[in-house]
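*Asks:* As given, the protein sequences belong to chains A and B, one line each in that order. Going by my numbering, the first sequence opens with residue 20, and the numbers climb by one from there. Going by my numbering, the second sequence opens with residue 20, and the numbers climb by one from there.
Label-pair distances were calculated between CB atoms; the ranges are:
#1 28/B to 273/A: 48 to 58 Å
#2 29/B to 50/A: 20 to 30 Å
#3 151/A to 172/B: 46 to 56 Å
#4 323/A to 267/B: 32 to 42 Å
#5 29/B to 414/A: 26 to 36 Å
Keep in mind the hints are simulated off the structure, nothing from the lab. We treat Cβ as the ideally placed atom computed from N, Cα and C, and that holds for glycine.
2 protein chains.
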Amino acid sequence: MSRWAQLSTNELSVLEGVFWLHGPSREALSQRLAFSRTHANAVIAGMLEQGWLDRAGQRESSGGRRAETLCLHPALGVLLCADLGATSIEVAVLSLDLQVLARHGEAIDVRLGPGLVLSRIRALMREVLAARKLKPRDVLAIGMGVPGPVDFATGQLVEPPLMPQWDSFSIRDDLRAEYEAPVWVDNDVNLMALAELWRLKRELPNFLVLKVGTGIGCGVVCHGEVYRGANGSAGDVGHICVDPAGPRCHCGNVGCVETMAGGPAIAREATSAAQAGQSAMLAERLAANGMLTPEDVGNASRAGDATANQIVQRAGTQIGQMLASVVNFFNPSHVFVGGGLTRIGPLFLASLRQCVYQRSLALSTRHLEVGYTPLGDQAGLIGAGVLALQETLRGRAKVLA
Amino acid sequence: MSRWAQLSTNELSVLEGVFWLHGPSREALSQRLAFSRTHANAVIAGMLEQGWLDRAGQRESSGGRRAETLCLHPALGVLLCADLGATSIEVAVLSLDLQVLARHGEAIDVRLGPGLVLSRIRALMREVLAARKLKPRDVLAIGMGVPGPVDFATGQLVEPPLMPQWDSFSIRDDLRAEYEAPVWVDNDVNLMALAELWRLKRELPNFLVLKVGTGIGCGVVCHGEVYRGANGSAGDVGHICVDPAGPRCHCGNVGCVETMAGGPAIAREATSAAQAGQSAMLAERLAANGMLTPEDVGNASRAGDATANQIVQRAGTQIGQMLASVVNFFNPSHVFVGGGLTRIGPLFLASLRQCVYQRSLALSTRHLEVGYTPLGDQAGLIGAGVLALQETLRGRAKVLA
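Could you build all of it, start to finish, from the sequences and the hints given here?
*Replies:* This is the structure:
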């Protein structure tokens, strides 16, 4: 790694700029870095020669020669990324421009504990590397998202409600045995927010990414940076109360939005409705499988089942009530909604939006846009890649400072 | 003003540093600005000579000679500040180290409209200047807080619910007729937040200032800067719903915290209780004055009146419910509570805190501190001073950039 120590602060800024601008032209890069053209050219020439940067995009098009663009040199390595959910895991190798080179996803229950889950993750990491004939030493940095609060400095989980056995566990130490590359861990929704920030080349300074699935959480971008709060728990909106007369949550309080409208609540409501004879479609499905999932409710809703529609609308409205409070407080320009519950059909987003626009102040919603996460299912993995590369570059800069 | 145009970016940084560090030593200043000692001394020497800076604090103490500290030169001028509330106005002249040189406060109803209210403010501004034998040309900058949302770039009010006649009115244009100095306008709670940020020398990056009075609003500090949101309405927490079965608010929705627990709600509840014979103390006060105020409820509560205690506790709990949602989302390190309702007795803050600690997640409240605004009643005026000086210095920097 001693090669990195030779980079100047300006050179590290160039690497960060090339990454965040998705392979810019020299002009775009020097503009964003506020370097003069001459200064930028001198720095870039050296970095091309030393193998930090490479040329890309120089090809003929109908409009004549395209401007040369710059990219991080592929020989710098790859990013190894994992996105751990409450019930699933995705592992991938990404190039430095965040293209997925190899990927593997499967179901897993985080409650199995860190020992079993991480041993499976390490096996999948070896697998995706092998699929591209890569070795551990080709890995420049590792990024991982987890479905719970993380102390960002130490990379440890802090009292994660969905994964109690992981409390104070250090994923970083676990992976250090197999990889020399630095390991960065963050909450899954923070990574989704970071991914969208990268997609947008940092051009939107204030927005939210809401993840709705088993749990409900929110990634917060403020002043152009992911905001983690004083203790890393910012965006923990699942336990915001939407009904003081609502049912008791496992957290001890009543009416938490996660307990009333998260994935398990939807499955539970559907099961009751099926058992009470309110929906032939859901009852049939329940009889066939012995259980109901939010996906079953979504399928029934899309097929026009009135009871399923009601369940989906109620969940959208309750999550919308929570979001309306957050929008009043935070006044974001955009809310991007992702996670498994987005697959339960268009009525979900419609109900959520209706509630937000009705319950928030006019000034907060005048220009507010609420839609699905553009990066969809890939947001978590891409965010892990952004985290890994960004923090590695910042870490190098810090060593020098 | 041409004298300002001669300042370099480094010199402007020195002025900002001296202001934000409350008159630092040379060592503290050069450390914060990351200037070498030699470079800092050279810049400071020139600025002392040209009358931008002055020496202060060089006096004998029992421990020997004190280190010399620096201040902005008093000859640069004064700051003219106004803090407009829904029912009151404070106007003051502040020195550049934010000492109040002259101050006048009185009751006024903002609903009289901008014509009448601003003519009174201009008269008070002349009065406070005259009290210190100052002229309009001595004013370096003007800052003003208003109880409604402001488009920060234009200085115009945007659909302010408590002051409808002020919609799109430009306070800046109005004051321009009398003063050459630049005019900066912001929401009153943003200014309270800015004031606490200055008091703390920017050492807390993420905190909230909650103002509870006729309305309920919140100033947000995020990543060390006041956060205004995408449209300037961040912190507009008064219309967050705390009870879906609650009463209808003038905004059209139900259960808004401001309608249930703001100053008018407390007065209304107390009046009903007095009329229903639930409190001899409140009934006596109502008979004497023909009306009840939150202060009356506070006095009765302090005197041990059980009904008054209940009203105060209910308001604290309802505001605490709203604050719990905001704390879950934002995870601040501190919440500073100010505004008129803080005068209704210690039960108010106690109930509010109890609710926040009970309803928010353990991780969000583990290190959370909830207390009164240390700057108290002066927060609004001091914030107007910080705004005026900070934006004026930034404005000069921009002209040069």
